[in-house]
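Based on these hints, arrange chain B on the given structure of chain A.
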Amino acid sequence: RKEVEQDPGPFNVPEGATVAFNCTYSNSASQSFFWYRQDCRKEPKLLMSVYSSGNEDGRFTAQLNRASQYISLLIRDSKLSDSATYLCVVNNGNTGKLIFGQGTTLQVKP
Amino acid sequence: ETGVTQSPTHLIKTRGQQVTLRCSSQSGHNTVSWYQQALGQGPQFIFQYYREEENGRGNFPPRFSGLQFPNYSSELNVNALELDDSALYLCASSRGTGASYEQYFGPGTRLTVT
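In order, the protein sequence lines correspond to chains A and B.
Its first residue numbered 23, the first sequence is counted upward by one per residue in our numbering.
Its first residue numbered 1055, the second sequence is counted upward by one per residue in our numbering.
Hints were generated in silico from the structure; no laboratory data involved.
What you are looking at is a predicted structure, and each value in this text was computed from that prediction instead of being measured.
Keep in mind that the hints are not guaranteed to be accurate.
Unchecked claim - Each computed EDC-like pair below joins lysine to aspartate or glutamate, with the alpha-carbon atoms no more than 20 angstroms apart:
1. A:Lys131 <-> A:Asp104
2. B:Lys1067 <-> B:Asp1138
3. B:Lys1067 <-> B:Asp1139
4. B:Lys1067 <-> B:Glu1129
5. A:Lys101 <-> A:Glu27
6. A:Lys67 <-> A:Asp104
7. A:Lys64 <-> B:Asp1139
8. A:Lys64 <-> B:Glu1055
9. A:Lys101 <-> A:Asp61
10. A:Lys64 <-> B:Glu1156
11. A:Lys67 <-> B:Asp1139
12. A:Lys131 <-> A:Asp99
13. A:Lys67 <-> A:Glu78
14. A:Lys67 <-> A:Asp79
15. A:Lys67 <-> B:Asp1138
The shape of chain A in the complex, shown without the other chains (with noise of 0.2 angstroms):
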């Protein structure tokens, strides 16, 4: 079983569409929780952090289930700009090795 697992889709949505990814980590120690944003042969760009309060930045919700091991990004008003790979990301403890998901794939169409 992979640490951290993702549907890479694609997810293919409309413009103005609310689109919501879901990811589950196996480690319950897992300490840290982030969303990365990847462009196509570009490197990984931080999208936001995630708490276990939730979290909202602008069109971008980010919520954590520690008893269920779960982790959710929403977009709500889908761009075009928004067409990319988004990448689910733990940090088990006190090194830095963040462990990725395989990323899942959204394309925003006009």
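For chain B alone, kept in the frame of chain A given last:
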């Protein structure tokens, strides 16, 4: 932009050769982590450097080695290159080594081994 830089951008090497990749961390960051990303996969942790010492290592053989310099920049060295080493190599810098520190990635070096 994150302020993390990497060189070179692209590199083509032959199997068995050695390669050195370089990374400069963002201002104010003292920790550098290296990742390997194969096509269609998420990045895989290679190792992390803090205070010029290795601070954690992923499941990579000893032919992957690194250095960190007093100015916090870092090198990744790979000896005896294999075809499977072809990948995007990413470095990330952070303010510290703890789990809560956010890591910011450089643009990567795309290595092709023929």
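Quick rundown of the hints versus the structure:
1. A:Lys131 <-> A:Asp104: holds (10 angstroms)
2. B:Lys1067 <-> B:Asp1138: Answer holds: Lys1067 of chain B to Asp1138 of chain B is near 12 angstroms, not above 20 angstroms.
3. B:Lys1067 <-> B:Asp1139: holds (10 angstroms)
4. B:Lys1067 <-> B:Glu1129: Holds, at roughly 17 angstroms.
5. A:Lys101 <-> A:Glu27: Violated: Lys101 of chain A and Glu27 of chain A sit about 25 angstroms apart, past 20 angstroms.
6. A:Lys67 <-> A:Asp104: holds (13 angstroms)
7. A:Lys64 <-> B:Asp1139: Holds - the C-alpha atoms of Asp1139 of chain B and Lys64 of chain A are around 18 angstroms apart, at most 20 angstroms.
8. A:Lys64 <-> B:Glu1055: holds (12 angstroms)
9. A:Lys101 <-> A:Asp61: Judged against 20 angstroms, a Cα distance of about 14 angstroms means the pair holds.
10. A:Lys64 <-> B:Glu1156: holds (18 angstroms)
11. A:Lys67 <-> B:Asp1139: violated (23 angstroms)
12. A:Lys131 <-> A:Asp99: holds (12 angstroms)
13. A:Lys67 <-> A:Glu78: holds (17 angstroms)
14. A:Lys67 <-> A:Asp79: holds (15 angstroms)
15. A:Lys67 <-> B:Asp1138: Roughly 25 angstroms separates the two Cα atoms, so the pair is violated.
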